[in-house]
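Novice: Two chains, two frames, some hints: make the complex.
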Amino acid sequence: MRLGFPRALMYYEYYPFWAGFFYKLGIELVTSPSTNREIMEMGLKKAADETCLPVKILVGHLMALRDVEGIFLPRLVSMEENTYLCPKILGLPESVLYAIPEQEIYTLDVNWREGKREVLKSLLAFRTRIGRTKSQIREGFAEAQRWQKAYRRMRNAGWSFEESMECFETLAEPLKLKDLGFSRERSHRQKTADFEDGWLLDQGDITDSLEKKPRIALVGHSYLTYESYANMNLVQRLREKAQVLVVENVEATPIELQQSHLQKKIFWSHAKKIYGAGSYYVEDPEIDGLIYLSCFGCGTDSMTNDLLARRARQNQKPYLVLTLDEHTGEAGLVTRIEAFLDMLERRDDYESNLSSYGEHMDRHSSFT
Amino acid sequence: MKVTFPHMGNTWIVIQALLENLSVDYVVPPLNSKETLTIGTQLSPESFCLPLKLNLGNFVQAAALGADTALITGGVGPCRFGYYGEMERQILQEAGYPFDVITLEPPDGSLIGLAERIRKLAGEKNTWNRIVKAMLFAYRKSLVLDQIEDLFHGFRPRIQSPTQVDRLYEETKRRLVQAMTDQGLKDVLNWLKDVMQQSLADYVDCMEENPLRIAVVGEIYTILEPFISMDVEKELGNLGAVVDRSIYLSGWVGEHVFRGLVQGYRPLRPYYTLAKPYLNHFVGGHARETIGATVKYAQEGYEGIVQLLPLGCMPEIVASAILPKIQEDYGIPIMTLTVDEHTGRAGIQTRLEAFVDLLERSRHNLTAINEGVLELAGR
Ligand code: SF4
Ligand code: SF4
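Protein chains in written order, with this note's numbering: chain A, 1 to 368; chain B, 1001 to 1379.
What the hints contain is simulated information worked out from the structure, not anything from laboratory work. Where is the CB? At the ideal position from N, CA and C, for every residue including glycine. Check before you lean on any hint, since a few could be wrong.
To be verified - Far from chain B by the CB rule (all over 10 Å, computed), these chain A residues:
hint: 1; residue: Glu28
hint: 2; residue: Val30
hint: 3; residue: Thr51
hint: 4; residue: Pro87
hint: 5; residue: Glu114
hint: 6; residue: Arg117
hint: 7; residue: Lys149
hint: 8; residue: Arg153
hint: 9; residue: Glu166
hint: 10; residue: Ile266
hint: 11; residue: Gly297
hint: 12; residue: Asp301
Claimed, not checked - Distance condition first, Cα-Cα at most 25 Å in a straight line; then the derived DSS-like pairs of lysine-lysine:
hint: 13; chain 1: B; residue 1: Lys1186; chain 2: B; residue 2: Lys1173
hint: 14; chain 1: B; residue 1: Lys1133; chain 2: B; residue 2: Lys1002
hint: 15; chain 1: A; residue 1: Lys45; chain 2: B; residue 2: Lys1325
hint: 16; chain 1: B; residue 1: Lys1325; chain 2: A; residue 2: Lys46
hint: 17; chain 1: B; residue 1: Lys1193; chain 2: B; residue 2: Lys1173
hint: 18; chain 1: B; residue 1: Lys1034; chain 2: B; residue 2: Lys1186
hint: 19; chain 1: A; residue 1: Lys264; chain 2: B; residue 2: Lys1173
hint: 20; chain 1: A; residue 1: Lys45; chain 2: A; residue 2: Lys24
hint: 21; chain 1: A; residue 1: Lys24; chain 2: A; residue 2: Lys116
hint: 22; chain 1: A; residue 1: Lys24; chain 2: A; residue 2: Lys46
hint: 23; chain 1: A; residue 1: Lys241; chain 2: A; residue 2: Lys265
hint: 24; chain 1: B; residue 1: Lys1133; chain 2: B; residue 2: Lys1234
hint: 25; chain 1: A; residue 1: Lys264; chain 2: B; residue 2: Lys1002
hint: 26; chain 1: A; residue 1: Lys265; chain 2: B; residue 2: Lys1133
hint: 27; chain 1: A; residue 1: Lys24; chain 2: A; residue 2: Lys134
hint: 28; chain 1: B; residue 1: Lys1186; chain 2: A; residue 2: Lys121
hint: 29; chain 1: A; residue 1: Lys241; chain 2: A; residue 2: Lys212
hint: 30; chain 1: B; residue 1: Lys1120; chain 2: B; residue 2: Lys1133
Looking at chain B on its own, in the form it has when it is part of the complex (with noise of 0.2 Å):
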C-alpha cells in the first residue's frame, strides 16, 4: 500500500507530517500545474467542479509514481465534496487506475470511528497513543502554517520586491517541512519574525503607513490553492493591499475533522452567528463561512471583499446572490471571480488592479465607489 492525497495549498505539509509520524509509506503527488488539470479535465465531465478535476489528476500523477490508495476528506453533504471519494475511485478505476480511496471522516460525527480510519491507515504497528500524538502534532503544524501565511498576508505589501518575498516565502516552507518537533516549529516561527523584522526596518522609510485592507472570502479550495485563484493573495498583496483570508486550513480541519472540538487559528464558528441575519441555514461547502466573513470584514473595515469560486460551485453561488444585499448594507465594495480551466491569469490581474484602483479612488472620493461598484459587478 502507497498512499496519496490531493493537493490543497499548502495542506500538503501537514499531511506529510501526519504520515511520516505514522510510517506510512507514501507518495506527495507533484504540485498542481497545468498538466495536472489537463489529465483531471480529460477525466471528467465538464460540469464537475475544478477541485475534483485536480483531485484526479493529482492521483494519476502519484499512480506514476507507485500510489495505489488515496486519502481524502469526506462528508454527508450536502454538497459535492462529500461525493467526491466515490466518483474519484469509479473514475480512476475505469481510466485503468485502480486506487483504493481512505476516506478521512468522522463517520456519524463520532472521533472515535474517525481513529479508527486513521488506525486502518497506520496498521497494527502504531499504538493508539501514537497515533493520537502524530494526529496531534500534524494539527499544532496546521497552526503553524497558518501564522506562517498570514505573517506574510501583512508583510508583503510593505516590502517593495516581490522576488525577495517570494524567496522568503519558498524558504520558509522548506524549513517548515523539515520541522518535525514542536521545537523545530517554534524556530521556523521565531526565524521568520526576526527576519521580517530586519527586512522592514530595511524600508521603514518608503513604507505606505496605511495599506488598503482587502478579505478574500469563498470556497475553500480556491482560496488556499493558489494555482487555481491565480495568485489572488500573491497579487493583491504586489498591488500594496493587506490580505486577510475567511478560512484558513486549521479553523477548516478543527470544525471538519475534529467536530469543533479545536478551533484552528481562525475559528469558524463566530461566522454562523453572524451570517444568520442573510443566510439562516447551513447549505453545504462554506457559504456561511462566506457570508459570515464578509459581515465580519465589513464591520472591522476592511475596505473591500474579494469572493473566490469555481464555476458551477453550489454553495458560493448561493453566496453570490446575497452578498450584495451585504454590500448594499455596508457599503463596501464586493467583487465575485469565477475560476474555470480556461482562467487565464491576466483576465484575472486585471480584475484586481482594477479592484484596488477603485478602492484607492474611493478614499478621497466616496461617490466613486457607488459607481465603481456597479461597474465592477458588471451584470
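If we strip away everything but chain A, and leave its shape as in the complex, we get (with noise of 0.2 Å):
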C-alpha cells in the first residue's frame, strides 16, 4: 500500500510520527516534492480566495500527489490539553475534498486533548480502513511516538529543521536512529558550542570572528517559517545577517510560563506557543529584535501577532512584522529586513538613547 502525504501544514511539526506509524506498519508514505511554482500556482487557483496562503499550498501539494493509493489526511484536533487548532486545520479534510475529488482519503481524529487513551482509540478505529490488526495498531502507535520524540530531542540538540526531517523522509535513515542515539555524524557546519547562555541554537551559524551578528527571534507558524518557496528562503536571508532564534528553540515551561501575561490562557496549541517564545524573547535582554512572519488570512495571528507586538512595545524591543501573500515579491521582502536590521544597527550604537527610540514596524503590511 502507497499512501501520499502533503508536505504541508501538519508535515512541518507532525510528519515523524506518522513515518514511523506507517513505517512500522509496512505501508509506504509518499511526500509530495518541496513547494514549488506549480504547486503554488495550482493551490492559488484551486483553493478558495478567502482562506489562508498555508491552506491554499496545501491544496496545491494534495493535487500534486499522484501515483498513490490514497492520501492520508488526518483531522488533528488538538496536540494538547486545553487547547485545539485552528477551526480551518479542524474543518481538514472535508473542507479540501473538492481540489482532489478522484482520490481515496484516509482520515481519522487526532485529539491529544482527551490524552494518549483517545488517540489510540482513534487509531484502531482507523485499522479496518488500512487492513491492519489491533496489534499492529498498537506497535504503530508506540514507532510513530518514539520517531516524534527523536524528532523533538534533534531539534533541541541543535539540529536544523532540514537535517532533522531529512532523516524521518528517508526510510534508510530512522533505521540508524533505531536506537534514538542520533547516531549519526553531526553536520560539519554545527558547533559543538551550540548551546550557549542557555540556549539552544537552531543551527545559527556562530561565527568566531569578531564580527557582532544582532540576534533576533523569527516567531510564526513552522509552516511558514520553514516554507522557503513561500517565504522565499527567509531564514537563510536571516542567517546571514544575523544569529536566528525560532519558536522551537524555547522549551515548553517558559512558554507556559509566558502565558500568565495573559488573563485567559491562549486556547490553540499553535498560537499559544508562538505567544509564549515571542513573548520569551520579548524579555530576553540578549534578543536585539523579533520578527513576526504572518501571512495572508491568519486568523490566530490576528491575534498573536497583536498581542506579541504589544508586548514588543511595552518592552521598547523592535518588532518587524511580515506578512507574506501570493503577491509578495523578493525585493520587497529583501528591503525589509534590510531596514529591520540596519534599526537594530542604529540601536545599537546608540544604546543611551534607547527610551526615546520608537521606531515600530508592527503593523500588519505586505512587503510588496
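Specialist: Below is the structure:
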C-alpha cells in the first residue's frame, strides 16, 4: 500500500509521527515534492480566495500527489490539553475534498486533549481502513511516538529543521536512528558549543569572527518559517546577517510561564507556542529584535501578533511583521529585512538614547 | 461599577431585561453605526474579525456614557470569539479605557460556575433565587423576541408597503423592551398577531400565493446584526421572499450559555446530525450549524440559501468550501456574501436582487438554474 502525505501544514511538526506509524505497519508513505511554482499555482488557483496561504499551499500539494492509492490527511483536533488547532485545520479533510475529487482519502481524528488513550482509540478504529490488526496498530503507535520524540530531541539538540526531517524522509535513516542515539555524524557546519547562554541554537552559524551579529528571534507558524519557497528563503537570508532563534528553541516550561501575562490562556496549540516563545524573547535582553512571520488570511495570527506587538511596545523591543501573501515579491522582502537590521544596528550604536527610540513596524502590512 | 455589553442585533433587549431585574447599574451602548465601526476599526489591526471591531466601538461609545465594566460571553475556542474578552481588555487598556471584563461563560461547562459569574456581576444584594429568576425571565424574553422576528419573516413579503412593516417592527420592539412580566410578553405577542392579521386582510387580494422561500445561514453575529448584514433579511423580504434564518438568539443562548439544557426557539442540535455527512466534526464558530441548516432547508424545499460571513471568518470559510457539495447534491442555489468594513449597501442589494431574480426565473426554467448558479458563484 502506498499513501500520499502532503508536504504542507502539519507536515512541518508532525510528519515523523506518521512516518513512524506507517513504517511500522509496512505502508509506504510518499510525500509530495517541496513547494515549487507549479504546486503554488495549483493551490492559488483551486483553493478558495479567502482562505489562508498555508491552506492554499496544502491544496497545491494534495493535487501534486499522484501515483498513490490514496492520500492520508488526518484531522488534528488538538495537540495538548486545553487547546485546539485552528478551525481551518479542524475542517480538514472535508473542506479540501473539492480539490481532489478522484482521490481516496484516509483520515482519522487525532485529539491529544483527551490524552493518549483517545488517540490510540481513534487509531484502532482506523485499522479497518488500512487492513491491520489491533496489535499492529499498537506497535505502530509506539513507534510513531518514538519517532516524534526523536525528532523533538534532535531539534532541541540543535539540528536544523531540514537536517532532522531528512532522517525521517529517507527510510534508511530511521533505521540508523533506531536506538534514538543520534548515531549520525553531526553536520560539519555545526559548532559543538551550540548551547549558548542556556539557549539551544537552531543551527545558527556562530562564527568566531569578532564581527558582532545581531540576535533576532523569528516567530510564526512552522509551516511558514520552514516553507522556504513561500517565504523566499527567509531563514537563510536572515542567517547571513544575524543569529536567528525560532519558536522551537523555547522549551515548554517558559512557554507555559509566559501565558501568565494574559488574563485568559490562549487556547490554540500553535498560537500559544508562538505567543509564549515570542513573549519570552521580548523579555530576553540578549535578543535584539523580533520578526513575526505571518501570512495572508491567518485568523489566529491576527490575535497573536497583536498581543506580541503590544508586549514588544511595552518593552521597547524592535518588532517587525512580515506578512506573506501570494503577491509577495522578493525585492520588498529584502528591503524590509534590511531596514529592520539597519535599525537594530543604529539602535545598538545609540543604546543610551533607547527610551526615545520609538521605531516600530508592527502593523500588518505586506511588503509588496 | 457601570456595566455595558456589546451589541448583536436585538440582543440588547434581552440583556437589558437581565440587568434590570438584577438591579445592576448599566448602560446600553448606542446602536451600531458608522461611527461605532470607525472607532473599532481604528483600534483594531485590519485582520481582526468584524464583530470584534464593532464590539470595541461599542465599548468606547459606552465609556463616554460612564461604563467601566464589559459583560461579554466567551468560550474556549477554537474560534477567535473565545478570545475576544482578553483582546478587548488589552486594546481598551492601551487606548486609555481601562475596562473590567466579565465573561459570561460556563467555566468547564458547569452551570454553577456560570451562576457564580453572574453573582459576581449582580453583587450580594441579589439572592440566588432572584438571580435564577432573572436568568430564566431573560431567556423567556429571548424566546418571544425570536418569535417576533420570525413573524416578521412571514409578514414582510406579503405586505406591499415596506415602511408600514418597518413602523410596526419598531413599535413591537418598543413594546417588547417595556414588557417586564410574562403577561407583558404574552400581550406583546398577541397584540402583534392581531395587527398582522388585520393588515394581511387588507392585502389579501394582491398577495403572492406562493412566495419564494430563502434561508439565511452563516456566522451568528452577521446574521443577527442588520447593521453589518446590510439588512439582508429585510431586503429579501421586501423583494418578496419569505426568509428563515439558521440561528435565533434563544437557540444560541440555550446551546452556549446553558450548555444545551434548554433548546431555544430554534434548537441547534439537529443541525449537527444533518451536517455529519459533510462535516464530521465541530470546527468552532457556527460552521456545523451553517452546513446542517443548509441541508435542512434544502430538504424542506427552500429555493435558495444565502451564506453570510465577515471577511476572514475562519469557521465560515471552512463551511463555504463545503457548501458547493450540498448545492450539487440537492440542486439548491447557494450564494455566499462576505462583508467587511468597506462593504457597500448597494453592492449587497444588487447581488440579492440578482439572486432573487435567478430563483424566480428558475421556477419556470430549470436549466436557468445551473447557468445562473455558476454565474453567481463567480469563481
Ligand atoms: S492557524 Fe492561520 S495559517 Fe494556520 S491554518 Fe489556521 S488560519 Fe491558516
Ligand atoms: S465566527 Fe468568525 S467572525 Fe466570529 S469570532 Fe469566529 S472568526 Fe470571528
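Novice: Does each hint hold? Answer for all of them.
Specialist: Okay, the hints, checked on the actual structure:
1. Glu28 of chain A, annotated as away from the interface, keeps every beta carbon of chain B farther than 10 Å; the closest lies near 27 Å.
2. No beta-carbon of chain B comes within 10 Å of the beta-carbon of Val30 of chain A; the shortest separation is about 25 Å.
3. Residue-level check failed: Thr51 of chain A sits 5 Å from the nearest beta carbon of chain B, not beyond 10 Å.
4. Under the 10 Å C-beta cut-off, the non-interface status given to Pro87 of chain A relative to chain B is violated; the minimum distance is some 4 Å.
5. With a least CB separation of 14 Å from chain B, Glu114 of chain A remains clear of the 10 Å interface cut-off, as annotated.
6. Interface exclusion of Arg117 of chain A from chain B stands, the closest Cβ pair being 19 Å apart, more than 10 Å.
7. The claim that Lys149 of chain A lies off the interface holds: its Cβ sits roughly 26 Å from the closest Cβ of chain B, which is beyond the 10 Å cut-off.
8. A cut-off of 10 Å between C-beta atoms confirms that Arg153 of chain A is not in contact with chain B; the least separation is 29 Å.
9. No Cβ of chain B comes within 10 Å of the Cβ of Glu166 of chain A; the nearest lies about 32 Å off, and the non-interface call holds.
10. Some Cβ of chain B comes within 10 Å of the Cβ of Ile266 of chain A; the nearest lies about 7 Å off, and the non-interface call is violated.
11. The non-interface label for Gly297 of chain A is inconsistent with chain B: the shortest C-beta to C-beta separation is roughly 6 Å, within 10 Å.
12. The beta carbon of Asp301 of chain A sits about 8 Å from the closest Cβ of chain B, which is not more than 10 Å, so the claim that it is off the interface is violated.
13. Between Lys1186 of chain B and Lys1173 of chain B the CA atoms are separated by roughly 14 Å; this keeps the pair inside 25 Å, and the hint holds.
14. The hinted pair formed by Lys1133 of chain B and Lys1002 of chain B meets the criterion: a straight-line CA distance of about 22 Å does not exceed 25 Å.
15. With a C-alpha separation of about 18 Å, the suggested pairing of Lys45 of chain A with Lys1325 of chain B holds against the 25 Å cut-off.
16. Restraint check for Lys1325 of chain B and Lys46 of chain A: satisfied, since their Cα atoms lie roughly 15 Å apart, inside the 25 Å limit.
17. A C-alpha spacing of about 14 Å is found between Lys1193 of chain B and Lys1173 of chain B, which places the hinted pair at or below 25 Å, so the restraint holds.
18. Among the hinted pairs, Lys1034 of chain B with Lys1186 of chain B is inconsistent with the structure: their alpha-carbon atoms are about 35 Å apart, more than 25 Å.
19. A distance of roughly 36 Å separates the Cα atoms of Lys264 of chain A and Lys1173 of chain B; the hinted pair therefore is violated under the 25 Å criterion.
20. Using a Cα cut-off of 25 Å, the hinted pair Lys45 of chain A and Lys24 of chain A is violated, with the two alpha carbons roughly 37 Å apart.
21. Under the criterion of a C-alpha separation no larger than 25 Å, the hint pairing Lys24 of chain A with Lys116 of chain A is consistent with the structure, at around 19 Å.
22. For the proposed pair Lys24 of chain A and Lys46 of chain A, the alpha carbon gap of about 35 Å is over 25 Å, so the pair is violated.
23. For the proposed pair Lys241 of chain A and Lys265 of chain A, the alpha carbon gap of about 35 Å is over 25 Å, so the pair is violated.
24. Straight-line distance between C-alpha atoms of Lys1133 of chain B and Lys1234 of chain B comes to about 34 Å, which puts the hinted pair past the 25 Å bound.
25. Of the supplied pair hints, the one linking Lys264 of chain A and Lys1002 of chain B holds, its CA atoms being roughly 22 Å apart against a limit of 25 Å.
26. With a C-alpha separation of about 32 Å, the suggested pairing of Lys265 of chain A with Lys1133 of chain B is violated against the 25 Å cut-off.
27. Distance check on the hinted pair: Lys24 of chain A and Lys134 of chain A sit about 13 Å apart at the alpha-carbon level, within 25 Å; holds.
28. Restraint check: the Cα-Cα separation between Lys1186 of chain B and Lys121 of chain A comes to about 51 Å, which exceeds 25 Å; the hinted pair is violated.
29. For the proposed pair Lys241 of chain A and Lys212 of chain A, the alpha carbon gap of about 10 Å is at most 25 Å, so the pair holds.
30. A distance of roughly 16 Å separates the Cα atoms of Lys1120 of chain B and Lys1133 of chain B; the hinted pair therefore holds under the 25 Å criterion.
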